[in-house]
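S.K.: Spelled out, the chains give:
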Amino acid sequence: MQRLLIDLVLCGRNLRRNGRRSLATLIAVGFGVAALLLAAGFIEWIFIDMRESTIRSRLGHIQISRPGYQEAGAADPAAFLLPQHSRLRDALGSDPRVAAVGQRLAFSGLASHGPTTISFIGEGVEPDKEAALSTSLAIVAGEPLTADAPAGAIFGRGLASNLGVEVGDTVVLLASPGGGISAIEVRVRGLFTTVSKQFDDSALRLPIESARRLMRTEGAHSWVLLLKNTADTDAVLAELRGRDGEAQGLAFAGWHELADFYRKTVALFGRQVRVVEFIIAVVIVLSIFNTMMMTVMERTGEVGTALALGVGRWRILRQFVLEGLLIGLAGAAAGAIVGWLLATAITIVGIPMPPPPGMARGYVAGVTVTPRLMLDAIFMAAAAATIASLYPAWRVSRWPIIDALRHNR
Amino acid sequence: MNALFVMPGLAARNLLRHRRRSAMALAAVAFGVVALILTGGFVRDVFVQLGEAIIRSQTGHIQVSRSGFAERGARAPEQFLIEATSDLRERVEQRGDVEAVMARLGFSGLLNNGRTDMAIVGEGIEPGREAKLGSYLRITAGRQLTDADEFGILVGQGLATAMRLAPGAQVTLLANTADGAMNTLDVEVVGVFQSFSKDFDARAVRVPLAAAQRLLDMSGYHLLVVHLADTASSETSTAALRGALDPARYDVRPWYEISDFYAKTVDLYDRQFGVLRLVVLLLVLLAVANSVNIAVAERTGEFGTMMALGNRRSEIASLIVAEGALIGLIGGALGVVAGMLLAQLISAIGIPMPPPPNSDLGYMARIRVVPAEVALALGVAMVAALTASVLPALRISRLKIVDALRQNA
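Protein sequences appear in the order of chains A and B. Residue 314 in my numbering sits at position 314 of the first sequence; the count goes up by one each step and never skips. Residue 55 in my numbering sits at position 55 of the second sequence; the count goes up by one each step and never skips.
If you are wondering where the hints come from, they were derived from the structure by calculation, not from laboratory data. A virtual CB, placed ideally from N, CA and C, is assigned to each residue, including glycine. Just to be clear, a hint being listed does not mean it is correct.
Simulated coverage check for chain A against chain B, where a stretch passes if three residues somewhere in it have a Cβ under 8 Å from a Cβ of chain B [as the list claims (entries may be wrong)]:
#: 1; region: 34 to 47
#: 2; region: 118 to 132
#: 3; region: 284 to 297
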């Protein structure tokens with residue numbers, strides 16, 4: 001114990017004595033940690049942003065439907081209807097964690113304007129709820145849906161141009177609920193675009209009352225829950241699944257199960273980024289190793305003197321590794337502070353990003369440094385510095401005393 | 001003037017004399033160059049793979065159609081027909097840079113499985129040619145269309161799940177003919193396919209061109225899809241084809257104009273990876289500067305001796321800078337060679353990547369060595385090594401000879 005303390009004191013003195021060399025190593029470690037923090041923090045920010053915008057784009061946090069609706073609903077929509085009135089839905093509406101509950105009714109049919117008739121896929125929604133639930137539907141012309149105008153529909157831009165309609169035109173929608181034929185007249189209230197051009201080429205939305213009239217039905221196909229905080233998703237989901245009574249006969253799906261696009265983007269982009277992050281980590285480790293190697297090897301003469309005075313080889317080895325650990329920790333701490341300050345500054349200024357596919361506007365990215373990232377970076381750099389000191393320390397400590405002394409010139 | 005010739009020789013001798021120090025500085029430069037080449041090449045590959053995937057599964061390299069087809073085609077497809085008697089196909093086919101052309105006839109309508117209708121977007125294709133070129137279109141059940149299938153149909157995966165279709169199922173296609181009448185065609189499902197896009201798969205079907213012509217009661221086609229021998233020549237080939245065809249009658253569009261998704265994704269990725277690459281760049285700059293700086297600083301005593309012998313400070317300063325330049329040059333060259341070899345090696349093994357969004361097919365990432373990236377890497381290494389030697393060179397010019405000599409201790 002006493003020995004270790006003495007060693008530590010000696011290490012500190014050695015580092016101070018070799019001021020310039022220590023500084024060089026400190027800079028290598030510190031800069032490495034700061035760089036790693038910024039890179040990882042930037043990616044973290046992008047992932048969080050991607051998650052939130054996916055949830056708010058269309059999915060919501062939790063979707064409630066009849067079991068099997070997601071897979072087979074399109075073939076036989078009438079068999080998967082949810083009731084019009086439900087105590088569960090009322091209860092959810094007043095839950096403090098829930099921001100909104102929207103009902104949706106899916107249908108398809110033919111849209112006709114003048115001589116043109118083309119098929120569409122449509123969705124009946126509650127206009128006041130969807131403002132928060134469907135941010136990915138960017139209105140490019142006209143106005144969004146409103147509950148006050150049940151005959152006003154919004155059309156995908158591609159669908160509208162194929163149909164040859166503009167805002168204000170009247171379109172007849174035809175559908176065949178249960179074998180019969182049914183039609184309503186709607187007015188084009190606005191045009192929207194989404195991530196997918198193919199979706200825009202065939203999709204439209206209208207208030208759910210009109211959709212029910214067209215499909216001669218009541219109820220909805222899905223209830224979409226938007227929570228105030230994404231972190232509550234699992235808790236709310238578990239509660240819903242644990243309920244009995246009315247909850248039976250319902251299927252609950254969290255956003256993570258539904259967001260195929262998001263999941264795959266994260267998987268792919270995550271792997272791509274990992275590759276670059278790996279390169280960054282290798283550069284950091286190599287640069288720490290390089291610096292450590294140089295600064296230790298320069299002190300061969302000093303080691304020779306120590307050996308000649310009778311200091312054991314193991315002790316010298318331990319001394320250098322301890323120095324590596326000390327400088328690694330100090331550099332990592334300094335780097336973490338610098339990285340955090342830089343991250344805060346960059347987030348305040350913002351990194352302007354171009355619009356993602358399907359979006360009209362770009363956004364401003366920032367850097368999110370989580371405690372986990374910080375610990376990872378510090379641990380990596382300190383470990384790299386310690387391990388990097390092993391090899392040169394081993395080499396100088398094995399040096400023949402005379403040769404080592406000769407380095408003193 | 002004389003100094004100009006002597007200097008490189010002296011600098012080289014110095015580097016040889018301090019073998020270990022030079023080796024470390026060289027290693028730092030070489031690592032840096034390798035890291036930059038690998039990062040740049042990897043990001044490049046991400047873009048290339050994305051482009052190839054879109055070309056192979058959706059757009060082809062160039063599409064030729066009647067002017068205005070893209071905007072208004074779905075409303076009145078019969079007005080944008082390229083007659084079967086037109087010599088367009090032969091003219092395009094004869095061009096040297098063209099590998100293959102195929103005709104497509106688009107239609108939209110309904111698909112009926114006996115229980116329900118779904119809106120679909122269909123394409124009449126030439127099975128033999130498409131099978132050869134559409135390598136990203138994977139068949140998940142059943143088989144590809146062949147030229148022998150007169151009334152076969154391929155359905156997208158999403159559509160097959162929704163309508164519970166398996167190979168062998170009988171379905172009916174409904175569509176409007178050119179004169180407005182409703183026409184039906186009974187076809188048999190031969191296979192289920194999966195493309196790059198899930199949205200596409202959820203509503204896409206493919207039938208032989210002849211079947212589509214029969215359904216729509218028209219001859220000819222809408223689109224001529226051109227595959228080039230080399231993706232890199234897309235731009236020049238498009239320009240050449242535009243020059244050869246009457247612009248008032250034909251639209252010639254390259255794949256990167258057709259796919260909005262590609263352009264926007266590349267923009268966004270470019271920025272996201274740009275941030276990471278900036279981090280790598282800064283890291284390399286600092287690592288190189290750090291190593292070169294230590295190597296020079298350790299030799300203060302030597303410079304003291306030179307000054308004591310009557311060498312001018314400016315001579316010593318230029319010697320140091322010349323050494324820096326040499327280190328940058330040699331280390332850079334080593335790095336370029338190592339980077340290219342590593343890139344080859346990694347490409348041969350491949351980095352397994354998860355499926356891109358909208359797809360279920362993973363792919364192997366490679367590293368593409370781009371001349372511009374190599375030049376950038378070399379430039380960064382040179383600049384870093386030079387800048388790193390300028391600072392100590394300036395310091396030497398302020399050093400007292402006796403102080404410097406004392407460092408010889």
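S.K.: It remains to establish, for every hint, whether it holds in the given structure.
M.R.: Do the hints match the structure? See the list:
Counting residues of the region 34 to 47 of chain A whose beta carbon lies closer than 8 Å to any beta carbon of chain B gives 6, which meets the minimum of three for the stated coverage. Look at the region 118 to 132 of chain A against chain B: 4 of its residues bring a Cβ nearer than 8 Å to a Cβ of that chain, three or more, so the hint holds. Closer than 8 Å: that is the beta-carbon criterion, and the region 284 to 297 of chain A has 9 residues meeting it against chain B, so the requirement of 3 holds.
Hint compliance for this structure: no hint is broken.
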